[in-house]
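Just so you know, the sequences run in chain order Z and U. The first sequence: position 111 = 111 (UniProt numbering), numbered continuously. The second sequence: position 251 = 251 (UniProt numbering), numbered continuously.
Treat the hints with care, since some could be wrong.
[What the hints assert, rightly or not] Below 30 angstroms or equal to it, Euclidean Cα-Cα: the simulated DSS-like pairs (lysine-lysine) are:
id, chain 1, residue 1, chain 2, residue 2
1, U, Lys34, Z, Lys104
2, Z, Lys170, U, Lys17
3, Z, Lys49, Z, Lys213
4, Z, Lys223, Z, Lys268
5, Z, Lys146, U, Lys23
6, Z, Lys145, U, Lys212
7, Z, Lys58, Z, Lys170
8, U, Lys212, Z, Lys121
9, Z, Lys170, Z, Lys121
[Claimed, not checked] Computed list of chain U residues with no C-beta within reach of chain Z, every gap over 10 angstroms:
id, residue
10, Lys133
11, Met135
12, Leu206
13, Arg218
14, Thr284
15, Ile305
16, Arg308
17, Tyr309
18, Arg313
Treat the hints as calculated values from the structure; they're not laboratory data. Because the structure is a prediction, the values reported are computed rather than measured. All C-beta atoms, glycine included, are put in the ideal place defined by N, C-alpha and C.
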Amino acid sequence: MHSVISVKALNKKIVTSSEKSQQESLIENPIVFETDDLNLWYSDTQALKNIQLPIYEKNVTAIIGPSGCGKSTYLKTLNRMVELVPGVQTSGTIKYRGKNILDKSFKVEELRTQVGMVFQKPNPFPKSIYDNIAYGPKIHGIRNKKILDEIVEQSLRGAYIWDEVKDRLKQNAYGLSGGQQQRLCIARCLAIEPDVILMDEPTSALDPKSTLKVEELIQELKKEYSIVIVTHNMQQAARISDYTAFMLNGELVEFTDTNTLFSMPKDKRTEDYITGRFG
Amino acid sequence: MLVESKRSKQKPVQVSKWIAENKSSKKSILLLEKSIPYFLFFIAMISILTTVGIVLVLVTETYEFFTRVSFLEFFTGKVLRPLSQNPEFGILPLINGTIISSVIALLVAGPIGIMTAVYLSEYASDRVRRVLKPMLELLAGIPTIVYGFFAFTFVTPLLREFIPGLGATNILSPGIVMGIMIIPMIASLSEDAMSAVPNAMREGALALGATKLEVTFRVIIPAALSGIIASFVLGASRAIGETMIVTIASGSSKNFTFDLTQSMQTMTAYIVEVSGGDAPTGSTIYYSLYAVAMTLFCFTLLMNIIARYVSRRFREEY
Ligand SMILES: Nc1ncnc2c1ncn2[C@@H]1O[C@H](COP(=O)(O)OP(=O)(O)O)[C@@H](O)[C@H]1O
Ligand SMILES: [Mg+2]
């Protein structure tokens, strides 16, 4: 069901599997997030227009599109971080596991405990590596030192950074390289065992080697987590995602499985974008 | 269109020629440019030399004092009777008064200052902050004599309603008022430190499901700790050096006691009292001024060193 296409294959638009089987896989996977008719305004400017988009469980969904098209905005509505911007207004529904999260009665802290986020620029806390990971479990009431120790190790292992930091857990996280910091932030996210992980261009501040590591990590993580990743890098989307959504000017132009989107885009605008004619 | 065509006909300015013409005047500017560092160095030396001079005077006069009163008597003596027939010069009552009043001030200003800073930095909207912060800083500009008057004529009578044994002059009231005085300083400096914590930290914590309170107390305050502690130390230093409030509201009893309802004297108030009276030049009591001033200087110096150390030691990198 999942396959990686190389850049070459992308350019040649090789059709790797039949459309029919993909349609089936679309139906099979349980849906985590169901976005319906979502509109969002920053004060007077509309940033999202009638977005209709499912996010499938234990898959990687990539959101691509030119800068300013609303990718980050959409991602941030999924954990309602977008509310931090004063004057934001939304309409429509986003159902997370069947419940509308845009409903004001939906507890935002609970949502964010289930839906973790990794930011564009690594943002560890100015604390030790250990405390960075333990922060989440602690605010959710875990006090037992032994359990915390276990969570820290498990999360760091889960983010493939344990071996690099196990001897310096008490040192400040800002002593780590950018790539390590980003994996630490992923580990911090894993420590509260979320259901979904949102990533906003998580590799854009990293060098190619660190980028590769994070991409490999994402491949591992999708066995247990549903991942939504915003990327401006089409090759990255093609490499790591199962589904891809293409956005333009606040609208969702096309959403389908990654193979189809890159090999047989239905919309002319998608085709123009992935063949590099604009963006 | 017309204007543009006109302009294009004009001869373009010959920049290189213009620069060449100005070369001669440029020379004198260069000379001035060269002499400026020396001039500024001289100006800077004025304040440095003054400080050195003051310290030198303090040291020599203090030395003179210790030829008359032993070091041990001065620093361990619990009795201060400079004007008595057989005078005693123990500084402990003054140190005691200074520390007690400063501790009261910090106990008042610390929590209120921090909470004010938390409100301004984390909860207040931009509009509210833009109004409140300058107001807060304005409070810092009130002359201390006004605070002293406020302590003596308002706070002390008010406190006496609740604490019957409270003297007309006491250390509690000026301590509290000194606390009120340093709230703006602590609040403002702590707010600076908290606002300097990048928003990415707040977002990182919120994204983990933290509430605003958890973000504030477990991320922002720890990250801003160096600045907050530095503000406390500077506040303490300000309280230790504060003179008018305690002079007016705490009286001049040189009690060595821990009873907050009593009148006590601080080092600063002692200096005011003695230099206000007529201490004959060359008398022991005259020299005691310098010894007390020197001790006070060491106290505030120590505070400033601590503040520096703390802000370096706890500096968070982000
Ligand atoms: N905090 C904000 N306030 C006002 N407008 C914003 C804000 N953030 C983003 N926008 C606007 O919303 C649109 C989408 O932005 P964004 O979601 O960041 O795009 P992308 O992530 O695809 O580059 C842009 O036009 C941008 O100017
Ligand atoms: Mg973005």
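Kindly indicate which numbered hints from before are broken by the structure, ordering the numbers from low to high.
-> 1, 2, 3, 4, 5, 7, 12 and 13
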